[in-house]
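Student: Letter by letter, the chains look like this.
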Amino acid sequence: MPPAWTPPVAGPVPERGTRLGARAIDLLIAGAMAMPLVLVTNVGHRPFTFLALLWVAMVAYETALVATTGATLGKLAVGLRVVPLDSTARPSAQAAFRRAAVTSALTLVPLVGWGILVFGTLADALTRGMADRAADTMVVPKRTALPIRHRDLPGYADFARPPRLSPVGRVGDLDVRARARLRRLHGVPLLVVLVAVLNVATFLPWSGLTVFVVGTAVWLVAFVVDETVRVARTGATPGHELAGLVVHSPARGGPPSLGRSFARALVFGLSAYTGVGLVLLGVSALLIRSSDTGRSLHDLAGGTWVVADPRLSPEVQRQRAMRMRLGEVA
Amino acid sequence: MALPFRDNLEPRRVPWVTFALIVVNCVVFLLLQPSAFQTAPDDGEGPLDRAEYERVVDAETFVMRWALVPCEIRTGTPVADAPEGCDEAPTRHLPERKSVYLALLSSMFLHGSIDHLAGNLFFLWVFGRNVEDRLGPLVHLAIYLLGGLAASLTSVFTDLHSAVPHLGASGAIAATMGAYLLCYPRARILTQVALPIQFVYLPAAVVLVLYFVTQFFIGSDSNVAWEAHAGGMVAGFLLAIPALRLPWVRRLARPDSDFAATAPTSF
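From first to last, the protein sequence lines stand for chains U and C.
Note that the working numbering gives residue 210 to position 210 of the first sequence, counting from 1, and the numbers run on in steps of one.
Convert by adding 330 to the 1-based position in the second sequence; the result is the number in the working numbering.
Okay, chain U solo, but in the shape it has when bound (with noise of 0.2 Å):
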């Protein structure tokens, strides 16, 4: 029987929509900022000078009004403010500046940069972007009460997103599993070789083609030797163990068989590293983040659940989740 779920005590975070509405009038803004600048630029010959002139000019805007007033006109219009974390102070300039600074670049490149901005703010947890990471921010609704601490921030993730509940657990959210998947090779000294082997091959004079597909099948054969029997054995791989995460088969109680891991690491092998698979790993990635079960195909293909390690308390289960997160494991 997994542990109950207690709703943490915790306050609103601001609704994407409003996250949005301001980075349009800060947008706006930046536009506005743009069209003296094109004056006195050479744009035609110098764009990349023209293009960091108007990112030092929507820098200063930024900083000067987060760390004066806590938020952006954009902000100030829509009800939100920047606050930093552990305090009831305003932002500091170096704060600010690191906010501005991140914010800026990515909005000065179009296409991908706008895909991080938005991407962030919509998939985050707390809508906190690569901004509010690199400046230890959080953008809340006026009236927040603060300080907003650190050890907090799992409770307002979930009252923003209150977490599934398995009949095995509390269900891994994507952006966890997502990034406990980057710690894979976390103590896996033959995969890495391995990966630093095959990345060397890509430089021999052989076709790219017979390197891509002869690489890929090796890699294959080992991530999927390795996964099946670390995840038969443990029910996790490293990156599982680091996020709190375990795979857990409801057939046997524990984890998988040895065929039902096989199963499973083979359609996510095929899913991953064949380029093909992609398609597969997009239909896992919203399987995973928008059904109740958070089941991916691999999960189906094993038959498994992927679930907060029930052996750890509740509030242990949260606190490892937001750790990855933020970044803070490894």
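To be clear, the hints were calculated from the coordinates, so they are not data collected in a lab.
The structure presented is a predicted model; accordingly, all values stated were derived computationally and were not measured.
Some hints here could point you the wrong way.
Stretches of chain U that chain C covers, calculated by requiring three or more beta carbons in the stretch to come under 8 Å of a beta carbon on chain C [stated by the list, open to error]:
1. 32-46
2. 207-217
3. 253-260
From the structure, some residues in chain C lie toward chain U, with a derived Cβ separation under 7 Å [as the list claims (entries may be wrong)]:
4. VAL358
5. LEU360
6. SER365
7. GLN368
8. LEU525
9. PRO526
10. TYR531
11. THR544
Just a sample of chain C residues kept apart from chain U, beta carbon distances all over 12 Å, derived [claimed, not checked]:
12. GLU340
13. VAL344
14. VAL357
15. PRO371
16. GLU382
17. GLY415
18. HIS423
19. ASN450
20. GLY466
21. LEU490
22. VAL494
23. LEU520
Heads up, the beta-carbon is just placed ideally off N, CA and C, and yes, glycines get one too.
Following the hints, put chain C in place on chain U, whose structure we already have.
Tutor: Chain C alone, transformed into the frame defined by chain U:
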């Protein structure tokens, strides 16, 4: 191929020298280098008009004046003065005056394109912050400049007769990477690897040794001065050995807990 994105160590101090080097490189490229480095002159089918032609001349003359030319270092004489044993210069737009040895320094702050600049400064950002955090700002600056110098000299010695100009901060940044390898071999670097395509944290030692080894596979027909990268990296590594023994640098060491790869027992 492996492209590093970030490491898992948050610097404990503001890396002022890293910031300053980034700013200086940007200012030089954006404000001091001729505009042709930002937008290539229209090289359509017809001949260039006078204004565009002058932009080309301006850029070529600028490069030959401030970039490192190996045979100039060997002879101590500018290519414009036709020193003995030099290959033919790649352009006939040569500067009237040139301080040959100053180019060892000035070439470190020049870049051929916005991609070149962005790539180099991204590497400097990823590795420079924590090298500075560990060694201190002045020692980091010294390693950057001396390592860059060693990288330039490596380029010179691998082709003593070449009149092709060399420019870019990559040799100096490779020195910073060499120092990082010595300081933080156990750090973890979020890396995009090419085969299999994935983002994954890898030990810094693996990422940096991989970078070093793959330099020797870069073809000589590419525009990459891989010798400078390798030479700079070795120089940075060797310079960091005595630097780490300096009394004030020893006091900047991080606690072992910063490198823990497992979650603490409490959380």
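Student: Among the hints numbered above, which are violated by the structure, and what are their numbers in rising order?
Tutor: The structure breaks hints 3, 4, 12, 13, 14, 15, 16, 23; every other hint is satisfied.
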